[in-house]
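Sequence lines, in order, name chains W and B. End of the first sequence sits at 144 in this note's numbering; the numbers just go up one at a time, nothing left out. End of the second sequence sits at 377 in this note's numbering; the numbers just go up one at a time, nothing left out.
Treat the hints with care, as some may be off.
Beyond 10 Å from chain W on every Cβ pair, some chain B residues (computed) [as the list claims (entries may be wrong)]:
1) G2
2) G5
3) S172
Stretch by stretch, here's where chain W covers chain B in the computed footprint (C-beta under 8 Å, at least three residues) [unchecked claim]:
4) 64-75
5) 132-141
6) 244-250
7) 277-286
Hints are computed from structural coordinates only; laboratory data are not their basis. The structure presented is a predicted model; accordingly, all values stated were derived computationally and were not measured. Built from N, CA and C at the ideal position, the CB exists for glycine as well.
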Amino acid sequence: MTIDPTFAPLAELIPDPTDISEPFWKGLNDKTLRLQRCGKCDTHQHPPERFCYSCGSDSIEWATASGGGEVYSFIVVHQPYHAAFRDRIPYVVATVQLDEGPRMLGAIFDVDPNSISIGMRVQARIETVSEQQAALFFEAEVQ
Amino acid sequence: MKGFEGRYCIVGVGQTPYGKVPEISQLGHNVLAIRNAIEDAGLTTNDIDGILTKAPTSTFPMLWAPKVAEALKITPKVTGTLDQAGASNIGLIQYAISALAMGQANYIAISYGDNPRSGTRASYSRPRGDDAIAGLFGAPSSYAMIARRHMYEYGTTHDQLANVAIAHRHHASMNPNAVFQEPITREDYENSRFVAEPFRLLDCCPVSDGGAAYIITTEERAKDLEKEPVYIEGIGQGHPSWDFFRRDDLTRSGAAISGEAAFQNAGLGPKDIDFCEIYDCFTVVPLITLEEYGFCKKGEGGAFYEDQRTHIGGELPVNTSGGLLSETGMPGTQLVVEAVRQIRGEGGPRQVKNAEVGLVSQQGGIMTTHATMIVSKG
Ligand SMILES: [Zn+2]
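Only chain B is shown next, with the shape it has when bound in the complex:
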């Protein structure tokens, strides 16, 4: 990773049950996921001196990370919450590395946990202020506007969108943690109801309860732990910002700038990547993201998903745990957890062979923010 003398690693990952989990609170999902990550790292709570979180999407409480620290009985040297929506949990890794490099903390836990499925989810479909009268509610509607334009400009088809849903579900069928494990067919896709055309229900990720967390530390400390460290090779960010419909080109996300920054930071390129965990809140997003990262030409994301090219065993396995679409509809923390498991060879039936370098994407809002991270065996 350029910009730092040392190297930094993910040494522990944890999660809570995904799906409808009314018995665990928002706070509980954060705390239990962090505890599991601490245990996975072979550390104790006393070792953790940094707590960073993304705020729970459904209620957006203030000073959330200090509250999580309290429930873990930790008085952290470094804490805070970053608002990049779904890109926050890579942005927080960048913040954690800076804090580690400055010697401000030794082991930093990063978490996301929320219960929008069993609690409130009002924030998911709240009207858009002055634009409410236009009848645009909910993230699916905004992303459908993007998908329609992508279909118009590049000839992307419903069949190609279906490929994304089917492929990610196929991977989820090998993941006992996934919310949806039943494989789906093209017919299932075509029979699922329209939500906001061009999107059907199976184009959209579910709303899920759950928590996920990871522990970041320096290479020196990582080497003292039992499990092999997973190295953070590069991080990039790129944020289109602006209200989505006012952007010059609705089919472009922050992935081009973020991906280039991450590749440059890592000194790697798309050819070096063995697998990807791509933020897939809606089927069109992985197409756009893979295009912008340079895995295929702009507009050819749909074709890239054909012929099971993105399946485990294919040319570039994408979303090996099922992604947001099938594993859990959470904002991206779980994608980092899966990348770490793949690099460690803990994927079980869904393990990618020779998974040495992996790429994770996260994005927030309506492609408003974007972050990219490349991890490796070191």
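The shape of chain W in the complex, shown without the other chains:
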């Protein structure tokens, strides 16, 4: 597995997967974004739980998401809050409204922050950060 050296410092921020969250992290290793979907009310949700946040049902299944969404809001981080992101500054963190419904936070790297705007289309960018794990970022959608 080849790891982009610019992503390697982020490995320490990967949480230990739990029984509930493991399918999400395994999905990323397969280069797919997986979200839970409720078998009863059809709502997609993230973070994962063993029950549906919307209707309480426990008929939860995993579904592959499109990875597409739009920027609901975003910031450009200048303050070196964490050593793992020091070389990325300034970088964009977006609140992404996924096409399936849930909102997620994700970093957008390698982009001019001035090119980011609310409402713009983005898609999941999945990058390997360690021998064990890939992680989710976002990038501008290719037209």
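Using the hints provided, position chain B with the ligand relative to the given structure of chain W.
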């Protein structure tokens, strides 16, 4: 105050030095602030039979209020710590009133004290668990996400955010207790560095050491004391809860529900308010809070801050001591202290004329919790 037969008052307020105060511990800030409040009320430590605290944000120790009681040599009948983050110290007043109404205590001290500036402040920028990989750290980043959306939806401008920083600093320049007393200009604002765009450094409150406290009792007992009591007219709460980025509308806080509850509880409305002490951890927050309270229409908070309308002497003075942005970056206890001083007419050069009814807001987390209190001369 609806729901209770009697009336309840704040009879003493106290504080410790704000800013960088390494010579006072977390415990010391609580104890000294409470002692000062007891003295201000004309009481003695022996009179206090209730101790309620917000936990120090920076370390969040367990069983904090009993520890404060021990250091005051008090064995309280009522004690505890409430976790509503920055809204806790109004929530605790509600708890204190309930205890007083039930006859469980006579004089209850409420405090907050912490030393994140000279001690540890790791909890202020800790990574967000599963979301750490997204690169979102620190409260400024989350509130900046809110500000960006407010700017997008309502056309709120950097100039309007600057107005908040400038206005609150103007008031702090008349407050010898304030951490920042040097007035700032629009140019200073524009020259301050970006922290998390759209926020510059001057959009953010500082991290401050300090303590603040107040004493709550019944009207009957309050009338026996030397100073005029400050009456608690109404309290409200409203808690958006949820992780901020998953809320339907990022530009709304708990202020609408909390404010309506407080106004209803007091039998008053925005027109009755002479001044406000609004939780202003970041410049966008007073805009949102004033909108949701109904002082202006949703989205017009930015315009409300124009033309020095919120300055002392203006239409509605807001944050007469400088707020979190300039007086001290503490979670809201100090705003209650200032409201009491204004109602008593102890504001000195920053005194609001005819300050008879004041409103205090507190909120915690990323607009996760919200509480509102209306106080008056009675
Ligand atoms: Zn469901």
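Comparing the hints with the structure gives:
no.	hint	in the structure
1	G2	holds (32 Å)
2	G5	holds (42 Å)
3	S172	holds (27 Å)
4	64-75	violated (count 0)
5	132-141	holds (count 8)
6	244-250	holds (count 3)
7	277-286	violated (count 0)
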